[in-house]
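Participant: Respectively, the protein sequence lines represent chains A and B. Heads up: the first sequence begins at 1 in the numbering used here, then just goes up one per residue. Heads up: the second sequence begins at 1 in the numbering used here, then just goes up one per residue.
No lab work stands behind these hints: they were computed from the structure. Incorrect hints may appear among the rest.
[Unchecked claim] Chain A is nowhere near these chain B residues, computed Cβ spacing over 12 Å in every case:
| hint | residue |
| --- | --- |
| 1 | E3 |
| 2 | A43 |
| 3 | Q111 |
| 4 | A132 |
| 5 | G163 |
| 6 | P263 |
| 7 | Q279 |
| 8 | M293 |
| 9 | M307 |
| 10 | L314 |
[As the list claims (entries may be wrong)] Here are the simulated BS3-like pairs of lysine-lysine, each with C-alpha atoms no more than 30 Å apart in a straight line:
| hint | chain 1 | residue 1 | chain 2 | residue 2 |
| --- | --- | --- | --- | --- |
| 11 | A | K549 | A | K355 |
| 12 | B | K68 | A | K355 |
| 13 | A | K355 | B | K55 |
| 14 | B | K55 | A | K429 |
| 15 | B | K251 | A | K549 |
| 16 | B | K192 | B | K100 |
| 17 | B | K327 | B | K251 |
| 18 | B | K174 | A | K207 |
| 19 | B | K55 | A | K207 |
| 20 | A | K127 | A | K207 |
| 21 | A | K549 | A | K429 |
| 22 | A | K35 | A | K127 |
| 23 | A | K355 | A | K121 |
| 24 | B | K100 | B | K55 |
| 25 | B | K210 | B | K100 |
| 26 | A | K127 | A | K429 |
We treat Cβ as the ideally placed atom computed from N, Cα and C, and that holds for glycine.
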Amino acid sequence: MSPSSSIAAEPGAVPAPDEHHEHHPSYLTDGTTVKSWLLTLDHKRIGVMYLIWVLLFFLIGGIYALIVRLELLTPGPTIIDAMTYNRAFTMHGVVMIFLFMIPAIPGAFGNFMLPLMLGAKDVAFPKLNLTSLYLLLGGAAIAIWGMINGGMDTGWTFYTPYSTHTTTTVAPILFGAFIIGFSSIATGLNFIVTTHTMRAPGITWFKLPLFVWAMYATACIQVLATPVLGLVLLLVVGEHLFHFGIFDPALGGDPVLFQHLFWFYSHPAVYIMVLPAFGVMSEVVAAFSRKNIFGYRAVAFSSLGIAFVGFFAWGHHMFVSGQSTFNAGVFAVLTMLVGVFTAIKVFNWVGTVYKGAVDFKTPFAYFCGFLYFTVFGGMTGVAFATASLDVPWHDTYFVVAHFHFIMVGATIMAFMAALHYWFPKMFGKMYHEGWGLVSAALIILGFNATFIPQFLLGNAGMPRRYYEYPERYQTLNVASTAGASLLAFGFLISAIYLTYALVYGRRAASNPWRSRGYEWLTESPPPTHNFVGPQPTYSEEPHFYVDPKKAEVPDAV
Amino acid sequence: MNELLNNILFLPEQASTFAERVDNLHYFVVGVTMLMSFAVGTAAVFFFFRYRRRKPNQTTEYVVPSVKTEFLFVSLPLLFFLTWFVIGFRDFVFFATPPKDAMDVYVMGKQWMWKFSYPEGPNGVNVLHVPANRPVRLLITSRDVIHSFFVPAFRVKMDAVPGRYTQAWFEATKPGTYQILCTEYCGLSHSKMWGEVVVLSPEAWDEWVKEQRRGSLQNRQDALADLTLAPHPARMAEQGQRVAAEVGCFKCHTVNGEPHIGPTFLGLYGRTETLDNGQSVRVDEAWITQSMMDPGAHLVSGFPNVMPTFQGKLTGPQTAAIVEYIKTLRTPDIRTGDSSQGPVYEPIQ
Ligand code: HEM
Ligand SMILES: [Cu+2]
Numbered sequence: 001m002s003p004s005s006s007i008a009a010e011p012g013a014v015p016a017p018d019e020h021h022e023h024h025p026s027y028l029t030d031g032t033t034v035k036s037w038l039l040t041l042d043h044k045r046i047g048v049m050y051l052i053w054v055l056l057f058f059l060i061g062g063i064y065a066l067i068v069r070l071e072l073l074t075p076g077p078t079i080i081d082a083m084t085y086n087r088a089f090t091m092h093g094v095v096m097i098f099l100f101m102i103p104a105i106p107g108a109f110g111n112f113m114l115p116l117m118l119g120a121k122d123v124a125f126p127k128l129n130l131t132s133l134y135l136l137l138g139g140a141a142i143a144i145w146g147m148i149n150g151g152m153d154t155g156w157t158f159y160t161p162y163s164t165h166t167t168t169t170v171a172p173i174l175f176g177a178f179i180i181g182f183s184s185i186a187t188g189l190n191f192i193v194t195t196h197t198m199r200a201p202g203i204t205w206f207k208l209p210l211f212v213w214a215m216y217a218t219a220c221i222q223v224l225a226t227p228v229l230g231l232v233l234l235l236v237v238g239e240h241l242f243h244f245g246i247f248d249p250a251l252g253g254d255p256v257l258f259q260h261l262f263w264f265y266s267h268p269a270v271y272i273m274v275l276p277a278f279g280v281m282s283e284v285v286a287a288f289s290r291k292n293i294f295g296y297r298a299v300a301f302s303s304l305g306i307a308f309v310g311f312f313a314w315g316h317h318m319f320v321s322g323q324s325t326f327n328a329g330v331f332a333v334l335t336m337l338v339g340v341f342t343a344i345k346v347f348n349w350v351g352t353v354y355k356g357a358v359d360f361k362t363p364f365a366y367f368c369g370f371l372y373f374t375v376f377g378g379m380t381g382v383a384f385a386t387a388s389l390d391v392p393w394h395d396t397y398f399v400v401a402h403f404h405f406i407m408v409g410a411t412i413m414a415f416m417a418a419l420h421y422w423f424p425k426m427f428g429k430m431y432h433e434g435w436g437l438v439s440a441a442l443i444i445l446g447f448n449a450t451f452i453p454q455f456l457l458g459n460a461g462m463p464r465r466y467y468e469y470p471e472r473y474q475t476l477n478v479a480s481t482a483g484a485s486l487l488a489f490g491f492l493i494s495a496i497y498l499t500y501a502l503v504y505g506r507r508a509a510s511n512p513w514r515s516r517g518y519e520w521l522t523e524s525p526p527p528t529h530n531f532v533g534p535q536p537t538y539s540e541e542p543h544f545y546v547d548p549k550k551a552e553v554p555d556a557v
Numbered sequence: 001m002n003e004l005l006n007n008i009l010f011l012p013e014q015a016s017t018f019a020e021r022v023d024n025l026h027y028f029v030v031g032v033t034m035l036m037s038f039a040v041g042t043a044a045v046f047f048f049f050r051y052r053r054r055k056p057n058q059t060t061e062y063v064v065p066s067v068k069t070e071f072l073f074v075s076l077p078l079l080f081f082l083t084w085f086v087i088g089f090r091d092f093v094f095f096a097t098p099p100k101d102a103m104d105v106y107v108m109g110k111q112w113m114w115k116f117s118y119p120e121g122p123n124g125v126n127v128l129h130v131p132a133n134r135p136v137r138l139l140i141t142s143r144d145v146i147h148s149f150f151v152p153a154f155r156v157k158m159d160a161v162p163g164r165y166t167q168a169w170f171e172a173t174k175p176g177t178y179q180i181l182c183t184e185y186c187g188l189s190h191s192k193m194w195g196e197v198v199v200l201s202p203e204a205w206d207e208w209v210k211e212q213r214r215g216s217l218q219n220r221q222d223a224l225a226d227l228t229l230a231p232h233p234a235r236m237a238e239q240g241q242r243v244a245a246e247v248g249c250f251k252c253h254t255v256n257g258e259p260h261i262g263p264t265f266l267g268l269y270g271r272t273e274t275l276d277n278g279q280s281v282r283v284d285e286a287w288i289t290q291s292m293m294d295p296g297a298h299l300v301s302g303f304p305n306v307m308p309t310f311q312g313k314l315t316g317p318q319t320a321a322i323v324e325y326i327k328t329l330r331t332p333d334i335r336t337g338d339s340s341q342g343p344v345y346e347p348i349q
């Protein structure tokens, strides 16, 4: 075969762009006024702005988390009163889910990488792209205004009839979340259309980077499920303000209906959070083991599979809400399928390392953490889905630990891996590798120290959303709080060396990882229109690290 | 063996027939989870070392899984998960199907207390008495928002949903006292919505039932419907009780002796209270009246200043009736009476 992509032509070498003689201004230097950033239509700049904002939201959510953990240091009141505590955990959840986890990877890295990976100059609708950023910020502003002026104490699940009766300020926060939903839908639509219409010649569906597959599956969920959330949030606001009587039995409504509608969105929503994470990890594991993805098609299709069965699993949140026994059985089996699809991915990632050439850099350290969180978090999910075990575990700290392992753990690992893997691509600078590894180790350790005690607390029967607790739960709570401080410390270190690298970091080579992901086919940081000169050609699948002299054309997978 | 595993896993003691079943599956699931994680983990670690990069430009072989491998990847987890499901669902059906001879107890959640009533017997707040080794079916509902009734030692949990009944059952295996917790977030004092199940040996149970029959009707909190059954002199107290329920005194005050958000009404009249400022005062009619009209005037030590004033909201006769009602509250916490109506659903205002 005759390889024609610039990467495959020189095995192992840093690809061509560095050797260009003329200098092209990168997207970072093309216009430096504030206006040129705020009104930009460049997907890369929009991605960077998303990154800045989601990091800020992560910080806010993290501060709330520390307040909650500190309060739980002692069985009785510790630093705040019960009402403040109830508002704090609600805000922690709302900010983390709607303002960090859902927009983080698609907003920041999806926006930046998707067009690069497709060999496109931009996303399909650049103006819509900017609009969705501002919808997110507008929704966030309204929600945060509500938090400052009263706050809400319902938990991020907003269960009725509590949420329609509480005297705290429910309306602005739910309305904010409603607007954020539009941002999510717009991003999803944009990505779907971009993937369908803007692939460069040569990029067939089965040569799409797996990150793109994951973003595509995510986008499908965003477009299909988010409207249901929007609807249900509006209904709750309406019921709160005008007493419609849809969910409140006192007015003839059905409180469990809310749970069905809510989880019909929010269960798939957890996959909005982790599918992008899975996508990032497929890139990272291939790049750092220099191996083609083992079972590419299985990994690609399992993303779609998860997106699909994710819509049929919501009932597992209601095993003890009085739904019929038959329902419980059906939802239990359907939930298992998610576990099976996730298992396929896990096995194939491990398979990717097999006969690879592993370079244990910071992103790979996060991959290891990710693998572990996914296996453990996913297995506890399946354990939940076995119906009878859910009875004692439901709404205890076991649930909290489970979804932090899989949803937060996996997503954070992927977010950090993406940040480190694509940092040179996005900013053209290198960070300090040693500190990267130290911080990764602290974060992974801190995570375990925070949430493993919570699994045990759940076993012991401590309910979630507890301001005070019986004394017998104290030891484990103290352990968890100690873990949380370690975790926070790990993030602090990352924040410091990454900021330092942005300003003083050494100039990065164009492709410091010698990766053969498609996004590395252009310079780092990329020029405004993504590629200079002729567009790269795509004759190999992404992450094809075979020595061309020995290569056999991969015919089938 | 079970004891040891339970300690490692921090599981509470097993005090019902369901607890044993759940725990057995729990051990199996934890075992498989550990095993699978260990297998994946070791394979990964082994690969990291075996296949570390030796030179920067190293290329790799093109390896794709055979159909057989992919089939294994799917069928292995599916097999395990389905096994769990089969055992788990069988146990779930057990949990969801109360035996025909179960004894019924009505349970009503209410911000922030549990009320229990027996079709043929006493009512109680926050304390549920049941006999050991006899199936008990709980008919659960809520008066305001969703609560969830949870007894960790029984591994039993069921939501209390306003506007509908849910059911759960258990058969306690050993006498003792076990904690009830609320596990569905229900507002300010969610984390204090505790109660206890007192499991009595058969003899103690018979004794207890007899004891209840000897009690009196006068301070039943629920039985608003059968006022006619009340002994005549208690009429005013009965009215007071109804008014107290209507204006919401019981959101914060119990009548079973347990302090809640405010002090309990049981034995309040004539008690000597210590105030926030260290003084102590004997409770009389004037004190009770002032507490309703100007709650901040004298705070009992240890309670927050959260009570709203009822000045202008209660008429003179209503106030008097409540005072009379509180004066009658001098008996132990569990009271007897005729069949209750079961928990009633009433909207919160
Ligand atoms: C893949 C990523 C996953 C994420 C992000 C995730 C996230 C979550 C979250 C946020 C909750 C808590 C919901 C609440 O507040 O009540 C939850 C609960 C649950 N998850 Fe997962 N989960 C994932 C995977 C799984 C898997 C693979 C399974 C099973 C196969 C599973 C089964 C369950 C069950 C049964 C519950 C309900 C527990 C209860 O509330 O009693 N999850 N999950
Ligand atoms: Cu409750």
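Participant: Which constraints among the numbered hints does this structure fail? Numbers only, ascending.
Facilitator: 2, 3, 5, 15, 16, 18, 21, 23, 24
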